[in-house]
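Colleague: From first to last, the protein sequence lines stand for chains A and B. For the first sequence, the working numbering begins at 265 and goes up steadily by one. For the second sequence, the working numbering begins at 265 and goes up steadily by one.
Identical chains share a label here; the pair holds if one copy fits it or two copies do between them.
The list that follows gives simulated cross-link-like pairs (lysine to any residue, SDA-like), each with its CA atoms no further than 25 angstroms apart: (1) 340 - 713; (2) 340 - 759; (3) 340 - 732.
Rather than coming from a laboratory, the hints here were simulated on the basis of the structure.
Number of protein chains: 2
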Amino acid sequence: MNQRIVVIGGVAAGPKAAARARRLDPRAEITILERGEHASYGACGFPYHLAGEVEDLDELRQTANGAVRDEGFFRKVKEIALLTGADAIEIRRESREVVYRHRTSGETRLLPYDRLVLATGARAVTPPIPGVGLDNVFVLKEFTNAGLLRAAAEATEARAKGEPRAVIVGAGLIGLEVAEALLVRSWHVTAVEMASQVLPALDPEIAAHLEKYARGRGLAVLTGSRVEALVGTAEGTVSSVRLADREVPADLVLVAVGVRPEVELARASGLVLGPTGAIAVDEHLRTSDPAIYAAGDCAEKRHTVSGRPCWVPLGSTANREGRVAGTNAVLGPSETFPGVAGTLVMRFFDLTVARMGLGEAEARSLGFDVETAIAVGSDKPHFMEGAEAVLLKLIADRATRRLLGVQGVGTGDVARRVDATAAPLMTGMTVDQVANLDLLYAPPYSPPMDPLAVAANTLRNKLDGVARGLPPAEYRAWMSAERACCLVDVRSPEEHRTLPFPGGRPIPLGALRARAGEIPRDHPVVLLCKQGTRGYEGQRALEGLGFEGVTYLEGGVLGWPYGD
Amino acid sequence: MNQRIVVIGGVAAGPKAAARARRLDPRAEITILERGEHASYGACGFPYHLAGEVEDLDELRQTANGAVRDEGFFRKVKEIALLTGADAIEIRRESREVVYRHRTSGETRLLPYDRLVLATGARAVTPPIPGVGLDNVFVLKEFTNAGLLRAAAEATEARAKGEPRAVIVGAGLIGLEVAEALLVRSWHVTAVEMASQVLPALDPEIAAHLEKYARGRGLAVLTGSRVEALVGTAEGTVSSVRLADREVPADLVLVAVGVRPEVELARASGLVLGPTGAIAVDEHLRTSDPAIYAAGDCAEKRHTVSGRPCWVPLGSTANREGRVAGTNAVLGPSETFPGVAGTLVMRFFDLTVARMGLGEAEARSLGFDVETAIAVGSDKPHFMEGAEAVLLKLIADRATRRLLGVQGVGTGDVARRVDATAAPLMTGMTVDQVANLDLLYAPPYSPPMDPLAVAANTLRNKLDGVARGLPPAEYRAWMSAERACCLVDVRSPEEHRTLPFPGGRPIPLGALRARAGEIPRDHPVVLLCKQGTRGYEGQRALEGLGFEGVTYLEGGVLGWPYGD
Chain A
265 MNQRIVVIGG
275 VAAGPKAAAR
285 ARRLDPRAEI
295 TILERGEHAS
305 YGACGFPYHL
315 AGEVEDLDEL
325 RQTANGAVRD
335 EGFFRKVKEI
345 ALLTGADAIE
355 IRRESREVVY
365 RHRTSGETRL
375 LPYDRLVLAT
385 GARAVTPPIP
395 GVGLDNVFVL
405 KEFTNAGLLR
415 AAAEATEARA
425 KGEPRAVIVG
435 AGLIGLEVAE
445 ALLVRSWHVT
455 AVEMASQVLP
465 ALDPEIAAHL
475 EKYARGRGLA
485 VLTGSRVEAL
495 VGTAEGTVSS
505 VRLADREVPA
515 DLVLVAVGVR
525 PEVELARASG
535 LVLGPTGAIA
545 VDEHLRTSDP
555 AIYAAGDCAE
565 KRHTVSGRPC
575 WVPLGSTANR
585 EGRVAGTNAV
595 LGPSETFPGV
605 AGTLVMRFFD
615 LTVARMGLGE
625 AEARSLGFDV
635 ETAIAVGSDK
645 PHFMEGAEAV
655 LLKLIADRAT
665 RRLLGVQGVG
675 TGDVARRVDA
685 TAAPLMTGMT
695 VDQVANLDLL
705 YAPPYSPPMD
715 PLAVAANTLR
725 NKLDGVARGL
735 PPAEYRAWMS
745 AERACCLVDV
755 RSPEEHRTLP
765 FPGGRPIPLG
775 ALRARAGEIP
785 RDHPVVLLCK
795 QGTRGYEGQR
805 ALEGLGFEGV
815 TYLEGGVLGW
825 PYGD
Chain B
265 MNQRIVVIGG
275 VAAGPKAAAR
285 ARRLDPRAEI
295 TILERGEHAS
305 YGACGFPYHL
315 AGEVEDLDEL
325 RQTANGAVRD
335 EGFFRKVKEI
345 ALLTGADAIE
355 IRRESREVVY
365 RHRTSGETRL
375 LPYDRLVLAT
385 GARAVTPPIP
395 GVGLDNVFVL
405 KEFTNAGLLR
415 AAAEATEARA
425 KGEPRAVIVG
435 AGLIGLEVAE
445 ALLVRSWHVT
455 AVEMASQVLP
465 ALDPEIAAHL
475 EKYARGRGLA
485 VLTGSRVEAL
495 VGTAEGTVSS
505 VRLADREVPA
515 DLVLVAVGVR
525 PEVELARASG
535 LVLGPTGAIA
545 VDEHLRTSDP
555 AIYAAGDCAE
565 KRHTVSGRPC
575 WVPLGSTANR
585 EGRVAGTNAV
595 LGPSETFPGV
605 AGTLVMRFFD
615 LTVARMGLGE
625 AEARSLGFDV
635 ETAIAVGSDK
645 PHFMEGAEAV
655 LLKLIADRAT
665 RRLLGVQGVG
675 TGDVARRVDA
685 TAAPLMTGMT
695 VDQVANLDLL
705 YAPPYSPPMD
715 PLAVAANTLR
725 NKLDGVARGL
735 PPAEYRAWMS
745 AERACCLVDV
755 RSPEEHRTLP
765 FPGGRPIPLG
775 ALRARAGEIP
785 RDHPVVLLCK
795 QGTRGYEGQR
805 ALEGLGFEGV
815 TYLEGGVLGW
825 PYGD
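With the rest of the complex left out, here is chain A (with noise of 0.2 angstroms):
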């Protein structure tokens, strides 16, 4: 008899594995069931629909040929039956039955498997704020919704009488990219988020690279604020957003505090979930009946860097575990998936932020003696047009000096240098080994130095207490607590009168030597450049006259985050 595989999920890890699966096995019988109207479309793509990127919202579900994916396509391209609107209820474990509700027609039916795949995927939060119900109050999940944000944002925008305004409950990845979607549409945005800092999931200081550009593209940005109600008109329309502190006007808001995974099925039939409250899956994706695979947002997942269970929902990561859950569906539980490193990366206009690997914080709280380091540079060398800036953070382990994760921001190709750390962070690599990566060179791709390699190399320095970098955040401190210190711009003149930061007393680094003396012996030094290199230069010319306590200005003025 022909194997039957029946997928919970229709969005992005179901189809993927229902496909690997009719590629590994043209007789097997493949249904999905899909709750909603819509399947295998790409969710990620409804912020550039809503900025109008993505013109037509079909086309997030379209093959690259124009093909639209839907229920006529899988039969006839994929010799796969799958049913929309097809509602899972329950999972009868021991007979290997999926009960399943048709949403229209309220009829209830049975399906038979031989193999199980769960790619139920996540839901969005909806928090218990009092008016959350109201009109223009949206959360952005569902393909529906997407054109319905759309129509919601255009209506409003027909009858507004100034600009629109829109609060954006929750600054992390979603929220910006909505709120990006917005201000193209040239609305005022305001991002309302509870954390200290926008994008929770980057480190404290790349984070206010990008609040500090995404306020100088226009968006108001309010930290440490939590909503306490939405407000709306007599008709039932959200009109303010109500946060302890003040009221803000809206024509229209997202609520985009975070997702769960969607586990009810899974944990009504019994199946064990793990301790991030997803589906708990083997390194083959098995859950805890092995006829049931689970992937996708759905399903736990194992942390490359960490070995650590984590949850990190994301597309990309979907479709690959999608694929091996199709395989295993198939030929038994022979293909492996090895789990994700935290990977993230935003556009937020031209600004790139990206991290993968573990955050400073995080590898701290898992016992590791950590060293970072921050280098900012050119993405081509500067005598190319277009060159842009990268910032780099690398965060190692001092023991073994292995890389434990990269954070970026800037307006250069900052993605290029975060994927190549991609490999090292999931074999365990030395930064002494990424530094030494033949990474591609010419001059429109990177300067002689890759500023990976810099940033490695940076590090290296560090470890082996050659250089003595000052992390902005911490000189930041230093400055708050009064602590005394002497500021040395090691600039030229003139950047030191073009590009100012406040305290530094200029002495540029080709005169450091001659004029040392006028720097004290008796106080902390800190050497600060444009970027950081003649810092560092700086800080081994003194130690070279006898000067102890010299430290630089990580990323110098370029690298300085901080709006104040």
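Following the hints, position chain B against chain A.
Modeller: Coordinates of chain B only, in the frame set by chain A:
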């Protein structure tokens, strides 16, 4: 007594070694001897000066902050004695002295050293072609030369009646970069190459893509052509280039037939040269004399994939090696240089070509049982603005499934995908591991399945016998041999019309199972689609129906590199 470090060669590896040594030892006496009039310049930027992207040649020897790296800069900022016009003519190894002659005064001096770093670089090969000494015939290697080339181009433009004409002898990296620069300046440019393809460091079908693109940009390409003579006017200016079968008019000729390591001084000093002809060094970059290090283009390298000696001159390697040599000159042989991976990248207008690791033929010649895969995709989801094509070819060892090499071409972000393989190639990762790297994902950066993951999965499918991809070169050989086979175009009828491919019988993938009866079972069947994905799906579908000998054209129509 302070340590005396002498560096011979002041372009890339030399200044890097000197600066690193200074940072590690503030008291060392450090001297750089540079034969030319300029030092510490970005020679890789020469073509961009010719193109006008770098207006002032001096930008190539400035820091990012505008300081010119001349003798005064090295003295004041680095406390390093840079001597230009200083030609090292002898190394007296027993007494540890370098003899150098000052070019203008002709004076000869002795410089004692404790540690010597050789960074003598490479020299351009000038082939023994009659007429190579004519006016307006250039090689591009030294700083002064770059200025003369541009001046000659401008003068030629000023006196040219029609479009000025250039012939580039040698279609390697430098030749093609200069060709692009002259095309930007609206010249008629012909590239003459002795080998059967442009950029011989690339696999032939990748080079074929580049050649096709370059022709589309107006470059005349003559491969398999040897220059017999350069012919001049009565005034001694070049006027044409004579080949076996034709004469190509030329107002200017660039000879770019390759570079060789500059090892005369090392050889004369009795230092051991390696099998590649470059200076043999150990993993600490020490030569056969433990007091002498070598770094940059003059030094032999170890290939990290093959483990064998190789010689790949590159500015990035020079900088990395300079750091190692500088460290070890101060601290003794402590730091190691792991080697290079045969990295190459070039931009030609909007096209990127890149390679890393071993090429296919190279891997076979080293005895690997090679499997390859070509995958074509888009660098972002197709619905995003600015999504562009990326073609990746992966090369692996069948027995171990280890990734041996990658090559890429496309107008999309090829560089990010190739750079992500730097660590896998260095550490010997398998294609299975590469397929599951947690690469960055968000729509502005990547499709949910990154092109690198798709390429790795394609190769895994081939290794596992699931996908039967036919490389374009093989299908072309079938066609040349008039081998009977049935080409089925599984694209939509519209695609079949708008992007035609000779000989395909149209049966869209969605109808393939139903219309399988139309396909002969007694001939090899080749399935054709736009980029290979549907061809592979069709192959699996036909195999499910009992067909044997079904393959698909790898990379599809977009991956077809041939103009014919």
